[in-house]
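Undergrad: Throw the hints in and build the complete structure from the sequences for me.
Below are the chains, spelled out letter by letter.
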Amino acid sequence: MKTHVIVFPGSNCDRDVAVAIQNIIGSSPEMVWHKDSTIKQSDLIVVPGGFSYGDYLRCGAMASTSPIMKSVIENANKGVPVMGICNGFQILIESGLLQGALIRNSSLSFICRDVIIKPTNKKTIFTNKSKISKMPIAHNEGNYFANSNQIKEIEDNDQIAFQYCDENGDINAHSNPNGSINNIAGVFNKSKNVLGMMPHPERAAESIHGCDDGRNIFESLLS
Amino acid sequence: MTSSNWHFDIEKSLVESHGLKLDEFEKIVEGLGREPNLTELGIFSAMWNEHCSYKSSKYWLKKLPTSGERVIQGPGENAGVIDIDDGDVAVFKMESHNHPSFLEPYQGAATGVGGILRDVFTMGARPVANMNALRFGDPKHPKTKHLVSGVVGGIGGYGNCIGIPTVGGEVNFHPSYNGNILVNAMTVGIAKKDKIFYSAAAGIGNPVVYVGSKTGRDGIHGATMASAEFDDDSEEKKPTVQVGDPFTEKLLLEACLELMKEDAIIAIQDMGAAGLTSSSIEMASKGNVGIDINLSKVPMRAANMTAYELMLSESQERMLMVIQPNKEELARSIFKKWDLEFEIIGEVTDTKKLILHMDGEEQASIPINILVEDAPEYQRDYIVNDPSPLISFESKDFEDKDILSDLLKMISHPNLCSRKWIWEQYDHMVMADTVVRPGSDAAVVRVHGTNKGIAISTDCSPTYCRHNPYEGGKHAVVETWRNIVASGAEPIAITDCMNFGNPEKPEIMGQFVECIRGMGDACSKLNYPVISGNVSLYNETNGVGIYPTPAIGGVGLIRDLSNTMTIDLKNEGNFLCLIGESDNHLGNSHYLSIIQNREDGGTPSINLDNELKNGKFILNCVAKKLLKSVHDVGEGGVLIAIAEMCISGMQGIKIDITKDFLHGFFFGEDQARYLVEVSQNKLEQLEVDASKSAVKIERIGEIGGTSISINSIGEIELSSLIDHHTKWFNEF
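As you go down the protein sequences, you meet chains Z and F in turn.
Going by the working numbering, the first sequence opens with residue 166, and the numbers climb by one from there.
Going by the working numbering, the second sequence opens with residue 14, and the numbers climb by one from there.
Errors might be hidden in some of the hints.
What the hints assert, rightly or not - When the alpha-carbon atoms are kept at most 30 Å apart in a straight line, the in silico DSSO-like pairs for lysine-lysine are as follows:
#1 F/K274 / Z/K167
#2 Z/K200 / F/K274
#3 Z/K200 / F/K340
#4 F/K349 / Z/K200
#5 F/K583 / Z/K299
#6 F/K740 / Z/K299
#7 F/K350 / Z/K200
#8 Z/K235 / F/K349
Derived from the structure by calculation, the hints contain no laboratory data.
TA: Here is the structure:
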């Protein structure tokens, strides 16, 4: 599998996701500098977490205009799997590949802790091996918002990827860490080849992390 | 100084406002053979203040043990370096940012983190973990809440953005910090042994390069401000606080590490306290050379900046380097790629002077040795007061006290309750190498790409130090050592952050001297040297000083991460045992302070032989895989430690012991003790090993159920314990 990880100034989970890809998919991704303009052939493009451009202006807004994003959008439109994690999710929203918005956590503070998420649509390239999984979140702006028409649209089209839930898989207010509408933790584009999610699967990818549930997303891509 | 003996052309008030005493100013005039101009006066002020010159502390700091078989670099560089095998080294240091954090908590704390990160990556190391040690005033003091949320926000804001995990720390509240909070930040980095970078400038004619952010007017005289007491008008000093930009620091980190892979850097020094002044002078002094700087070339953020302002600005995220002349273009292209400033501002000379030009005119010319070697050094007067007397407590005084309700009260107190509210605001998992998260004895971080780890702990008990500075100094060192042992690691070395009041007062200087003596004895006995550190004096407001607070950051090595220990109880049916001697020491304990609102009874004394013996025993048991969990018995005593293990592992326990003085046993703070979890089939071996090593072991109880139950007393549900433990910060 030929994989690519985009590196923006301020990306800080680029190495973490590259290690997870190497360990699970079996080959190192090519690290692509944001000022590059093309990705020729890819089986997976990852937009990693971090604080691209220091989160200045608005999370993900400046990175979404970087030269490389034109090529990411072109590849996404051709059906290449594209995955945005945390700040990567924010960038994919800002670039128009995904719907909605990510606003300040309802607690108004940064949250770093384990959450449990449940795959809502298991019939996609990213989730065919997914189960109820534990993995960390670490963000200030992860509160997913969309207006009621958009929510209806993404629900009707099975575009919700993951929802925050409790250990039994129940989706309730108690298990919602950041105030996201309908506990949404991740969404797909219409064709389900673009995924954005706030939780970090690369931080739950080996036993040393205390949990390796995050592997199933990468393993889904392999099958 | 009185105006009658003032015989210089320069205004007396100008000299005074630069924090220089008459005899210090006379020394400058004598050294230069003339009076300094304003820029030069500013440079002397910046170099000779307490923060940069260590003039009150130097004599005593030299008494600390600083060498050892694993020490590659001790105090004197940007950070200390220890050998962690396989050609890898750990680089670390802790530094204070107390004064600025009190004035402007978010930026003060954030730039504290930024500064210590730069100290570590200047040495060629990639930072892998941040820690901190924080002290705030009384939780009920009107400023405390604002300061706590600002400091926590600033630490998180900087560390989260740059992408270095903040893996742990300590937080205490005490009224002695009402007017001076303490923010001590520590960073640990990893480098290759043959790729360590130092600050000594070399090579006459080599270019001196400025990289990073532009220079603005922020933080001018920050280090001088941090070398003075506060009064009611301290708010006016806010403009001396710097403003941090973690995004630029991330770019600077990556650019520096990228250039360090090339054979281009001869010397590198971060611009921290006293900015361009101290960085250029330190590089020249260490290399025994001179430096010429053309200040017109310094990238400026504001128009019409003067030589004085450029030399004293503490704008953040800047570095000074001496590079190989033939690598200029390579270096420039790397910094350009990361959108950072890169400017050749001067060159190394053989004059042994700092010479500054601006707009074609000479602005300063000072021999380096006057600034550094001839800097004032004081052996200040000191008085060592008698330690607070020990009080022997007896069982009969506690007969009407309910242990379980005391337990609930204690674990819900700000000084013992869960710090989850804080650490959840810190990204403690970025870099994906965090093995033990905050909330255990020591944080453990994997050395990337290997199966070994670094254990880190920060600690200090100011109340112990206040009532017995010698034992308190020992305790601060030993507590980190024990925390590292309890995580299954071999303790290697420490960094210290010496926070005290005004050293010109003999009783404060006495506290400093005694803390150093205690620390030194502990470090020597435990083979646990000091490899870096920082001193913060004048932590006083309106003449009232803080408690003596020698905060210690300890680092240890776990060769095989499968031997990592944590505090959470693992399995029903296992036994919990107490290792070490208990003697019901309730003096200066959390029990007395929280339940009886008393601060007396004396600091527990530490028997270093027992510490060493018990610690080695724990590590032997870990190596033999006898233990399931380990927790050191620290603040609050045995029952608090048991409660923490239960909460962490979501396991209950049936405690079955017989004691004459239960309060003394459960809440006494005797030293050199650990609680260990052992499976039933290993229990006998553990007890045999203990007896062979002459280590005291006592069975405390069996793990299981959903409550802590104590024979003959009663029980308390885990859920109620957790509610009490987490309540305070959530409602703060």
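Undergrad: Now tell me, hint by hint, if it's right for this structure.
TA: Hint check results:
no., hint, verdict
1, F/K274 / Z/K167, "holds, 28 Å"
2, Z/K200 / F/K274, "holds, 22 Å"
3, Z/K200 / F/K340, "holds, 24 Å"
4, F/K349 / Z/K200, "holds, 12 Å"
5, F/K583 / Z/K299, "holds, 19 Å"
6, F/K740 / Z/K299, "holds, 25 Å"
7, F/K350 / Z/K200, "holds, 9 Å"
8, Z/K235 / F/K349, "holds, 23 Å"
Every hint from the earlier list agrees with this structure, and none is contradicted.
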